[in-house]
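Heads up: the sequence lines are chains A and B, in that order. At position 46 of the first sequence the residue is numbered 46 (my numbering), and the sequence of numbers has no breaks. At position 120 of the second sequence the residue is numbered 120 (my numbering), and the sequence of numbers has no breaks.
I should point out that these hints are in silico values taken from the structure, not numbers from a laboratory. It cannot be assumed that every hint is accurate.
[As the list claims (entries may be wrong)] To be clear about the criterion: a stretch of chain B counts as covered by chain A if any three or more of its residues have a C-beta under 8 Å from a C-beta of chain A, and this derived list gives those stretches:
# : segment
1 : 8–15
2 : 18–28
3 : 113–119
Cβ coordinates follow ideal geometry from the N, Cα and C atoms, glycine included.
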Amino acid sequence: MQVKLWGVRGSIPVPGPDAAGYGGNTSCVEVTTGDGCELILDAGSGIRALGAVLEGRCRHVHILLTHLHLDHIQGLTFFAPIFDPAVEVTVWGPPAAGEGLRERLARFISNPIFPVEIRDLPARVTFETVPSGPWEVGGVEVRAAPVAHRGVTLGYRLETDRASLAYLPDHEPGLGEDLDKADPEWISGHSLAADASVLIHDCQYADPEYPKHCGFGHSRVTDALTFARRARAERTLLFHHDPGHDEATLDALGEQAASEYDAGAVEMAREGLAIDLAR
Amino acid sequence: MDDASDTDRPVELILARNLVSIISLAAVLVDIEGALVYYNEAAAEVIGSRFEDRGLIPRAEWSVEMGPVDGEGTPIPIDDLPLTAALRDGRPGYGQFFIRAEGGLMEISVGTLPLVGATGNHGALVVFWPVPKES
Chain A
1 MQVKLWGVRG SIPVPGPDAA GYGGNTSCVE VTTGDGCELI LDAGSGIRAL GAVLEGRCRH
61 VHILLTHLHL DHIQGLTFFA PIFDPAVEVT VWGPPAAGEG LRERLARFIS NPIFPVEIRD
121 LPARVTFETV PSGPWEVGGV EVRAAPVAHR GVTLGYRLET DRASLAYLPD HEPGLGEDLD
181 KADPEWISGH SLAADASVLI HDCQYADPEY PKHCGFGHSR VTDALTFARR ARAERTLLFH
241 HDPGHDEATL DALGEQAASE YDAGAVEMAR EGLAIDLAR
Chain B
1 MDDASDTDRP VELILARNLV SIISLAAVLV DIEGALVYYN EAAAEVIGSR FEDRGLIPRA
61 EWSVEMGPVD GEGTPIPIDD LPLTAALRDG RPGYGQFFIR AEGGLMEISV GTLPLVGATG
121 NHGALVVFWP VPKES
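Just chain A, same shape as in the assembly:
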C-alpha cells in the first residue's frame, strides 16, 4: 500500500498562510494498493486536488467514508472522476436506521445545496453500506467498525500481508473511560488499531482545550497518545487538526507528543506526506 495524505484538517478547510505548512484541507487519505486500485479514505476538501491527479488515469475508485459530517464529504462534488462517465465510483459508508447511504448523501448533493442532483452525476456511482465483516478491495482486506464519535461513525483498518493502516480520524475513546486502565475490549476502536503499522488518529485538541469540548467526539493529545500506546501502533500520525491551530501551535503539539511518547514513532499529520507500506 502507498499512502498519501491530501487533507489533515478537522471541521472546516483553512486556507491561507496559517495553514501552509500542515495544510488546510479537510480529511482525505489516498491509498493505492499493490494492484493499482485506488482507495480514498474520506472525501473532505483534500479530495479535490487528488481528483485532479487521478482524472483520466483510473477506471474504478473506492471512497470509504467514516461518516457524513460535512468536513468528510464536502469534497465529493469537486472530485473530478465523479464527473467522468468512464469512471466507476463505489462509495462505502456507515449504516444507519432508515435511509440508505445514497439517500443520506443526496441531501447534500441536491438543490439548494448543490446544483447537480445525485442521480445526474456522470460517473457510474454506487453507494454501499459497509458489511459487518471484512471484505476485500484491490487485494487489501478492509474492516470497518463503529467508533465513539457523535453520530454513527466508522473507523477503518486496511491490511495486507505486509502492513496495516488504521484510520480513525474522528474519535473520542477517552470519553468517560480511563484509557490507561481500561481493558482493551472496552476501548473504542482498539481492535481496528491493534499493532497497526500506521495509525492515523484524531488529535484535534490541546489538553487545556479539551474540557470545553469534552463529548464533541474528538481527542486531546494525551488521549490520542494513550490510545496509540494501548494499540501498540508502530507509527502514529496525529490528525484532524483544529482549524484554529496555526503552524506554531501545531509545531508545539507535535513537540509535546514527541517528548511524551515513547511507545513508537509519532508525528503531526501533514498534507502531502507519503508513506510506502509496501516495504
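Guided by the hints, dock chain B onto chain A, whose structure is given.
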C-alpha cells in the same frame, strides 16, 4: 495488562458503560448473549461483589445465582422477562419480580432498554430498584 484483543465491544455497549458507571441507580449491561458484562457500584451492592473483582457473569451463572424468581422462589419463564423483550425482540421492557439477594428474596422493579444501533442489537441496559416493602 494484556493489550491483546481481537474484537472490541460494540460501541453502543462501550458508550452505555460510560453512562452506567456514573449513575447512582443500580444498572447492569447485558450483551446479546445475555451475559452480564458490566454493572455499576449501586448494582454491586445487590449482587454482593464489585464488577472489577468479579468480571463477566455468563447468563447461565447469574440466572442460577440470582433468578429472577417469583415470590415462592420459582424461576420465571424466560419469555416473561423484560430482558427477553430487549434482547430477543429489541423493545423496551418492564417487570416486577424477585431476585435472590442478601440471603433471601428481594422484590425489584426492572426496566430494560435494548441497545439497538445501526449495525443491530448489541445487548441491553437494565436498571432496577427495590420495591418498598409494605408496612
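Hints, verified against the model:
1. 8–15: Check passed, 7 qualifying residues.
2. 18–28: holds (count 4)
3. 113–119: The restraint on the segment 113–119 of chain B holds, since 3 of its residues have a Cβ under 8 Å from chain A and three suffice.
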